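> Here is what each chain is made of, one letter per residue.
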Amino acid sequence: MSNVRFGESPGGLVAYLSGEIDHHSAQMLRQEIDARLQARMPDTLTLDLGGVSFMDSSGIGLILGRARRMNALEGRLVVQHPPRQIQKMLDLARVSYI
Amino acid sequence: MKPVNQAQVTFLSKSVNESFARGVVAVFLAQADPTLPQLADLKTAVSEAVTNCIVHAYPGTLGQVTMKLALYEEGLVKVTISDKGRGIPDVKQAMEPLFTTGNPEERSGLGFSVMQSFMDNVRVTSRQGRGTRVTLTKRLSPRR
Numbered sequence: 080m081s082n083v084r085f086g087e088s089p090g091g092l093v094a095y096l097s098g099e100i101d102h103h104s105a106q107m108l109r110q111e112i113d114a115r116l117q118a119r120m121p122d123t124l125t126l127d128l129g130g131v132s133f134m135d136s137s138g139i140g141l142i143l144g145r146a147r148r149m150n151a152l153e154g155r156l157v158v159q160h161p162p163r164q165i166q167k168m169l170d171l172a173r174v175s176y177i
Numbered sequence: 003m004k005p006v007n008q009a010q011v012t013f014l015s016k017s018v019n020e021s022f023a024r025g026v027v028a029v030f031l032a033q034a035d036p037t038l039p040q041l042a043d044l045k046t047a048v049s050e051a052v053t054n055c056i057v058h059a060y061p062g063t064l065g066q067v068t069m070k071l072a073l074y075e076e077g078l079v080k081v082t083i084s085d086k087g088r089g090i091p092d093v094k095q096a097m098e099p100l101f102t103t104g105n106p107e108e109r110s111g112l113g114f115s116v117m118q119s120f121m122d123n124v125r126v127t128s129r130q131g132r133g134t135r136v137t138l139t140k141r142l143s144p145r146r
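From first to last, the protein sequence lines are chains A and B. For the first sequence, the working numbering gives the first residue as 80, with consecutive numbering after it. For the second sequence, the working numbering gives the first residue as 3, with consecutive numbering after it.
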């Protein structure tokens with residue numbers, strides 16, 4: 080099970096992801112995030128992974144897909160607060176994070 | 003080599019069963035007292051292999067996925083995930099990083115790279131129209 084709630088940052092949208100991100104849950108997360116992106120058109124989308132307890136490469140697909148969307152909007156994507164095990168996955172995929 | 007313990011589970015190729023398969027792995031391995039990173043590595047590799055069955059072996063349809071778990075002496079773990087789906091025409095190509103036949107907008111093409119990076123050994127055998135078997139092996143090094 081996974082969940083997303085949204086917050087604001089200056090000029091941006093923050094998506095706080097939590098729970099387990101796999102191919103099953105990524106589909107729902109993608110829809111929720113994209114609907115919010117469409118409504119808000121932010122300059123920056125921040126994906127906060129602080130509450131994520133598990134993530135496989137479906138999570139990488141989710142991140143890269145959102146990065147492409149933000150590029151198309153001439154905005155940028157930031158990935159922040161990944162727990163250690165998820166850093167291993169991001170490093171493998173060469174996704175940078177703060 | 004004879005396993006100390008083994009188990010087998012067969013389930014439908016529904017995406018909700020990705021977390022089911024990870025849960026089975028965690029419960030089975032509790033007896034081996036893995037560290038949290040070791041367990042996370044195994045759960046991640048299993049999640050990748052099961053997702054491949056759901057997305058690629060049985061696209062647009064449902065089929066059976068079988069997961070066999072075996073624990074050997076000195077913490078050696080072997081997980082075999084097999085399907086009777088459409089098979090992989092070119093296993094070598096399928097295992098290349100970033101190669102995917104899935105939707106490139108949403109699939110990273112990293113599944114096999116993750117398995118290889120998180121496991122000690124990954125073996126894939128496939129026959130077109132007959133199915134695919136992925137064998138994941140990892141030794142749980144003793145806690146320090």
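If you're looking for bench data, these hints aren't it; they were derived computationally from the structure. Nothing here was measured: the structure is a model prediction, and the numbers come from that model. Quick reminder that beta carbons are idealized off the backbone N, C-alpha and C, glycines included. Please note that a few of the clues may not be correct.
[What the hints assert, rightly or not] Selected chain B positions facing chain A (in silico; Cβ < 8 Å):
id	residue
1	L14
2	V18
3	E20
4	S21
5	G25
6	T37
7	Q40
8	K70
9	E108
10	G113
[As the list claims (entries may be wrong)] Incomplete in silico selection of chain B near chain A, CB under 10 Å:
id	residue
11	P39
12	E50
13	T137
[Said to hold, decoys possible] Below, a list of computed lysine-lysine pairs in the DSS-like style, where the Cα atoms sit at most 27 Å apart:
id	chain 1	residue 1	chain 2	residue 2
14	B	K86	B	K16
15	B	K86	B	K140
16	A	K167	B	K4
17	B	K94	A	K167
18	B	K86	A	K167
19	B	K140	B	K70
20	B	K16	B	K4
21	B	K80	B	K16
22	B	K94	B	K4
> Now, for every hint given, state plainly whether the structure supports it.
Results of checking the hints against the structure:
1. Contact between L14 of chain B and chain A, as hinted, is not supported at the beta carbon level, the nearest pair being about 13 Å apart and thus beyond 8 Å.
2. Satisfaction of the interface hint for V18 of chain B is found here, the shortest Cβ-Cβ separation to chain A being roughly 6 Å, below the 8 Å cut-off.
3. The restraint placing E20 of chain B at the interface with chain A holds, with a minimum CB-CB distance near 5 Å, inside the 8 Å limit.
4. Given the 8 Å rule on beta carbons, the hint for S21 of chain B holds: about 6 Å separates it from the nearest Cβ of chain A.
5. Among the interface hints, the one on G25 of chain B is violated; its C-beta lies about 10 Å from the nearest C-beta in chain A, farther than the 8 Å criterion.
6. Interface hint at T37 of chain B: violated, since its Cβ lies 11 Å from the closest Cβ of chain A, which is beyond the 8 Å cut-off.
7. Because the smallest distance between the Cβ of Q40 of chain B and any Cβ of chain A comes to about 11 Å, over 8 Å, the interface hint for this residue is violated.
8. This hint is violated: K70 of chain B has a C-beta 20 Å from the nearest C-beta of chain A, more than the 8 Å allowed.
9. The restraint placing E108 of chain B at the interface with chain A holds, with a minimum CB-CB distance near 5 Å, inside the 8 Å limit.
10. At about 5 Å, the closest approach between the beta carbon of G113 of chain B and any beta carbon in chain A falls short of 8 Å, and the interface hint on this residue holds.
11. Proximity of P39 of chain B to chain A holds as hinted, the smallest CB-CB distance being about 6 Å (cut-off 10 Å).
12. Checking E50 of chain B against chain A by beta carbon gives a least distance of about 6 Å; that is within 10 Å, so the hint holds.
13. Against a cut-off of 10 Å between C-beta atoms, the interface hint on T137 of chain B is violated, since the closest Cβ of chain A lies about 18 Å away.
14. Restraint check for K86 of chain B and K16 of chain B: the C-alpha separation of about 14 Å stays at or below 27 Å, so the hint holds.
15. Pair hint K86 of chain B plus K140 of chain B holds up; C-alpha atoms about 25 Å apart against a cutoff of 27 Å.
16. This hinted pair does not check out: K167 of chain A and K4 of chain B have alpha carbons roughly 33 Å apart, beyond 27 Å.
17. With a C-alpha separation of about 24 Å, the suggested pairing of K94 of chain B with K167 of chain A holds against the 27 Å cut-off.
18. Between K86 of chain B and K167 of chain A, the direct Cα distance comes to roughly 32 Å. Violation of the 27 Å bound is thereby established for this hinted pair.
19. With a C-alpha separation of about 14 Å, the suggested pairing of K140 of chain B with K70 of chain B holds against the 27 Å cut-off.
20. At most 27 Å may separate the alpha-carbon atoms for a hinted pair to count; K16 of chain B and K4 of chain B exceed this at roughly 32 Å.
21. Proximity of K80 of chain B to K16 of chain B is assessed by CA-CA distance (about 23 Å); at most 27 Å being required, the pair is judged to hold.
22. With a C-alpha separation of about 30 Å, the suggested pair K94 of chain B and K4 of chain B falls outside the 27 Å cut-off, and the hint is violated.
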